[in-house]
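S.K.: Based on the provided sequences and hints, a complete structural model is requested.
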Amino acid sequence: MVNLTINGKQIAVEEHTTILEAARANGIHIPTLCYLKELNEVAACRICLVEIEGVDKLMASCNTECEEGMVVHTDTKSTRYARRINLELIFSQHKTDCLSCVRDGNCQLQEVAKELNMTRHIEEVDARPNRWKSSRILERDNSKCIQCFRCINVCDRVQGMNVWDLLGTGKNAKVGINPAKKHFLEICALCGQCITHCPTGALYVRDDTKKFYDAVEDPDMITVVQVAPAVRSAYGEAAGLPAELATEGRMAAAIKSLGVDYVFDTNFTADLTIMEEGSELLKKLGDKDAKLPMFTSCCPGWVRFIKIKYPELVGQLSSAKSPQQMFGAVTKSYFAEKNGVDPSKIFCISIMPCTAKKYECDVPEVQDVDAEGGIKDVDLVLTTRELTRLLRPVDIASLEEIPFDSPLGSGTGAAVIFGGTGGVMEAALRSAAFLVEGKNPDPAAFKKYDNPGQAWSEASYEVGGTTVRTAVASGLANADALIQSILKGKTDVDFVEIMACPGGCAGGGGQPIHDGLELAHDRGDILNALDESNAIRYSHENKEVAAMYEEYFGEPLSEKSHHLLHTDQTKWSL
Amino acid sequence: MSRQQILRDSSMEISMKDLHQIGIRGSNVAAAGNCPVSQCAAYARQCLAQSCGKCVPCRIGLARAAEMLERIEVGDGQESDIKELKDLLESIKISADCAIGSASAEAIFNSIEAIMDDIESHVKKGKCIASFKPIPCVAGCPAHVDIPGYIALAKEGRYEDAVRVIRYDNPFPAACALVCEHPCEHVCRRNIVDASVNIRGIKRAVVEGAGEVAPPECMPSTGKKIAVVGGGPSGLTTAYFLQLMGHQVDVFDKRSQLGGMMRYGIPRYRLPNEYLDADINAILKTGVVAKTDYAIDSEKFAKMKEEYDAIYLSIGAHAANTLGIEGENAENVLSAVALLRAMGDGNRPDFKGKKVAIIGGGNVAMDCTRTAMRLGAEKVTCVYRRRISDMTALPEEVEGAIAETCEVMPMMAPVRIETDEEGKVKALVVQPQIPGAYDRGRPKPVKADKPEVTLECDYVIAAIGQAIDSGDFAQAGVPTNRGKILAGFNTLIGDSGMIFSGGDCVDGPATIIRAIEAGKTAAANIDEALGFHHEIARDVEIPAPGVGILGKTGRIDLPEREAAERKSDFTLIEQNMTCQELKQECGRCLRCDHHGMGAVKGGRTSW
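Listed in order, the protein sequences are those of chains W and V. If you use the working numbering, the first sequence corresponds to residues 1 to 574, in order. If you use the working numbering, the second sequence corresponds to residues 1 to 607, in order.
Incorrect hints may appear among the rest.
Stated by the list, open to error - List time: in silico DSS-like cross-link candidates among lysine-lysine, alpha-carbon distance up to 27 Å:
no.	chain 1	residue 1	chain 2	residue 2
1	W	171	V	125
2	W	571	W	291
3	W	181	V	133
4	W	37	V	125
Unchecked claim - If you want the footprint, here are the derived chain V segments under chain W, 3+ residues with CB under 8 Å:
no.	stretch
5	128-135
6	540-552
Think of the hints as simulated: they come from the structure by calculation, not from any bench. Note that CB positions come from ideal geometry on N, CA and C, so glycine has one too.
M.R.: Have a look at this one:
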């Protein structure tokens with residue numbers, strides 16, 4: 001232990017504790033801006049400065065370790081003076097169009113400015129030029145970038161993609177894409193983790209809320225909404241709704257209140273995915289020539305990653321489409337036929353915790369209903385954050401809960417856990433075990449993927465006399481480590497689930513942002529609770545899915561399902 | 001009323017001199033990877049600040065040049081600006097009234113010519129192609145040794161760990177502690193504060209403090225066999241790293257002992273055998289097999305190609321350049337290579353009571369000069385055809401020689417060697433020179449209107465550079481140019497597949513640390529070419545920097561033994577730091593691995 005004094009308070013901390021963490025643990029607040037614990041301790045903003053007796057410079061508390069006998073002061077004339085000047089310098093280059101900024105009210109720069117009582121008027125803002133060529137999904141506004149390095153570090157260290165870099169030196173230094181690298185869309189997984197870790201509005205997702213209203217306001221259009229599992233674990237956060245009020249039923253009611261015709265559930269096609277992907281897995285396990293492991297394919301960030309980094313492995317992705325795309329295909333075929341509606345009159349909207357889904361819905365190779373007729377399977381993807389913006393005028397707490405619409409609105413407990421890491425694997429194994437053994441396994445039998453501190457988790461299960469070896473990873477740097485291990489022959493598995501975002505979709509790049517907090521785990525707990533409270537916990541027991549097979553697809557991996565529910569991943573362009 | 005006054009610098013002038021000094025020291029540090037256009041623009045501004053403002057080209061032209069450079073710097077330049085800028089500078093150069101305008105314009109012109117790729121990238125793409133080096137010393141060290149890391153360990157007295165850290169990148173901690181040219185210190189960020197950290201001095205203390213440190217365990221055997229031809233710093237470095245990676249390396253050397261120029265070029269008073277042997281023994285402990293007194297001719301080379309999976313040629317530059325003057329074949333005319341090679345094997349010529357003349361101005365010339373003095377010569381004179389300040393020898397080597405009562409005669413070009421009846425050297429005749437116009441960065445010597453000078457002497461030692469004896473390999477098909485083996489920056493020889501080469505035999509005579517760089521590069525690329533991707537484990541935990549970095553504090557230089565005593569023996573001249581000195585000097589390290597960009601990229605992000 002190390003003994004030190006902060007603001008006159010004697011404290012003792014573990015060795016290698018930073019001054020900032022020591023202060024926080026002892027109820028002493030030090031303002032921070034660029035800091036993210038264990039991820040971005042770079043001391044660039046110089047806001048968390050503290051005075052240490054006997055040291056002639058102010059030190060950054062975020063990356064200076066406590067030393068025995070140290071006497072620290074966190075709020076002195078010098079620290080206040082330096083913090084204020086440094087914040088003014090940051091403001092002098094930050095475009096302050098806060099009123100219309102997507103991060104207004106949820107901006108760490110704004111928080112620090114409030115905290116430091118920044119009242120001084122900045123006369124002329126030297127907002128640096130914005131040379132960003134729009135990727136049409138992930139956008140960047142250099143005039144709001146404070147060069148905190150968070151995007152660089154989250155992309156390098158958590159996602160292992162190394163997209164962002166600090167280019168140039170001195171006053172010309174700015175965040176951008178390394179010039180030696182290719183075009184942005186050829187190197188980025190579009191996971192959006194840089195956005196959810198950005199302290200300001202410098203990084204953001206293309207806003208499609210106007211297109212949503214255009215569709216809703218079009219009297220000729222039937223608007224059909226699907227909501228991804230992870231959205232329900234987070235949609236209430238922005239409105240400050242406690243988890244017990246932010247229910248699935250209220251979410252359905254809130255979305256309905258926006259004027260859409262149907263509110264369905266992506267859980268329905270998550271169950272459908274399990275039927276297709278699970279059958280595909282069993283088929284491959286029985287085929288000596290099949291290349292294993294088979295990788296899940298429901299996460300478009302992961303699909304982009306494997307195409308960017310390991311194109312030779314793309315053929316091992318499950319050919320099953322993601323639940324989002326299955327939903328689009330089913331809506332405009334099965335649902336349209338069943339209701340005698342022209343699919344071109346259906347506008348299919350999906351609410352996703354994800355940024356890469358905006359890319360996925362536009363991939364030309366995935367439009368299977370009637371591409372020649374100009375029909376997109378999914379027309380529009382909104383992130384959870386866009387949904388929460390649409391819901392701002394709605395008093396959600398006062399709404400009566402309503403069920404999802406039928407028939408595409410039912411989902412099992414197995415489907416809802418798609419939203420967290422390990423969930424797809426678990427759901428697939430529950431049904432695979434049933435398909436092989438003819439009886440349901442214990443639904444809690446496949447919960448071995450919570451392995452904190454490890455890049456990935458492995459587990460083996462006996463299914464019908466054969467051992468199925470599985471691995472699960474979330475976060476692309478972890479995925480990379482797992483793939484390296486597989487390629488080197490150190491890890492030998494049959495089935496691998498990968499989610500691009502740490503913690504899975506619950507921690508997705510389209511989810512609500514809470515500076516300095518990683519909520520994937522808490523949201524995952526909500527999803528697990530929904531699974532446990534669901535009367536049906538096996539995808540094969542989803543009655544409406546079963547009915548659809550009977551009426552329309554026949555059986556998993558049928559010709560029709562190949563046409564509408566599967567895709568050739570190798571053909572997808574980046 | 002006084003008619004005149006004694007003028008003293010005002011405090012303003014003194015502070016401006018200080019500022020310029022800091023500027024000069026600082027720009028050495030910043031040169032490592034900062035935007036060159038930005039630096040040119042800043043220099044143009046500085047030149048403008050020197051302008052008196054009288055003449056048009058300087059007053060307006062330099063300002064305009066600065067503005068154009070600034071525009072290019074931020075990415076707002078047009079392609080037409082480049083030509084316009086060059087024309088402008090050319091015009092200032094030829095039309096300014098004094099050197100403030102013309103010399104500034106010339107310097108900026110030459111710089112922008114040299115950085116044209118970067119300027120074009122700024123203009124066309126709005127991007128700088130320079131890449132910032134987060135830790136200047138690590139970037140400045142050709143082997144990229146983790147210098148802040150081992151200094152932090154030295155500060156805590158963890159000398160053995162410090163040696164382990166050095167060995168991640170350089171298997172010659174002891175030899176480099178004594179004789180590395182320390183390019184790291186030149187770019188040390190501490191130069192901005194006061195003076196660079198004495199990095200080599202700290203390494204010396206580390207090596208002395210650690211004693212024998214076993215090398216790390218080798219990785220599992222790969223079954224691959226690699227031959228290294230030449231057991232100098234480059235070859236042994238390759239051998240060390242490849243052996244650690246699990247390959248089996250055999251090192252072949254012509255001479256009876258390993259070490260190459262470290263043994264057969266550097267005198268023992270700079271690098272005693274026990275230090276060199278400590279490094280070599282650690283390398284051999286990894287399992288490297290050394291085959292000494294084993295010359296490789298074209299026939300053996302052909303066989304070697306069949307027997308080994310890869311070959312690294314590191315034969316060094318052990319042939320002597322010739323003087324090309326009358327009498328050079330006389331008895332008692334020696335080459336530096338021959339003298340130092342004999343010394344390396346302990347065959348000391350007797351110069352007792354003799355007069356010895358050395359020709360040359362590099363470090364090898366100084367080695368010969370100081371060796372001759374130690375061999376008992378009555379008088380040692382080093383003649384050089386340029387000025388002392390033009391010598392490529394380190395200033396401390398020249399000063400050391402002079403302190404040891406060697407004579408250094410600059411501006412003297414050798415003309416002929418006179419012999420006695422027996423054909424032995426009698427005198428060296430030299431022609432005084434004057435420094436002429438600049439040619440390739442230094443003034444060219446020109447014959448002075450002065451008569452020849454005859455230096456009576458018994459021995460002449462020519463230290464005028466080394467050549468590469470690569471004939472046998474050229475014969476066997478290895479591509480060469482004027483003796484230099486032609487290998488790429490990846491050390492691979494053309495389309496040879498598995499033959500690599502590096503060190504002096506590729507670059508020409510250079511430094512030990514450059515040879516180590518080549519060896520390290522070759523080891524990685526050979527490993528990769530054999531289908532592996534081994535990485536040397538870096539498992540020593542580096543202490544956090546803490547808040548104890550010293551403010552302005554003097555640099556501690558290593559003391560040397562008294563000149564009068566040391567000049568007659570071959571015992572190590574340089575002495576070690578005390579613990580007190582070491583602690584203080586380590587406290588001067590600014591820990592660029594933690595502060596500045598070191599905390600973000602290329603630095604250490606956790607402890």
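S.K.: Decide, hint by hint, whether the structure agrees.
M.R.: So, going through the hints one by one against the coordinates:
1. Restraint check for residue 171 (chain W) and residue 125 (chain V): satisfied, since their Cα atoms lie roughly 17 Å apart, inside the 27 Å limit.
2. The suggested pairing of residue 571 (chain W) with residue 291 (chain W) holds, with an alpha-carbon distance near 18 Å, which does not exceed 27 Å.
3. Our distance criterion of 27 Å between C-alpha atoms is met by residue 181 (chain W) and residue 133 (chain V), whose separation comes to about 19 Å.
4. Using a Cα cut-off of 27 Å, the hinted pair residue 37 (chain W) and residue 125 (chain V) is violated, with the two alpha carbons roughly 35 Å apart.
5. Here's how the stretch 128-135 of chain V fares: 4 of its residues keep a CB closer than 8 Å to some CB of chain W, so the rule of at least three is met and the hint holds.
6. Counting residues of the stretch 540-552 of chain V whose CB lies closer than 8 Å to any CB of chain W gives 4, which reaches the minimum of 3, so the coverage claim holds.
Violated hint for the displayed structure: number 4, the only one.
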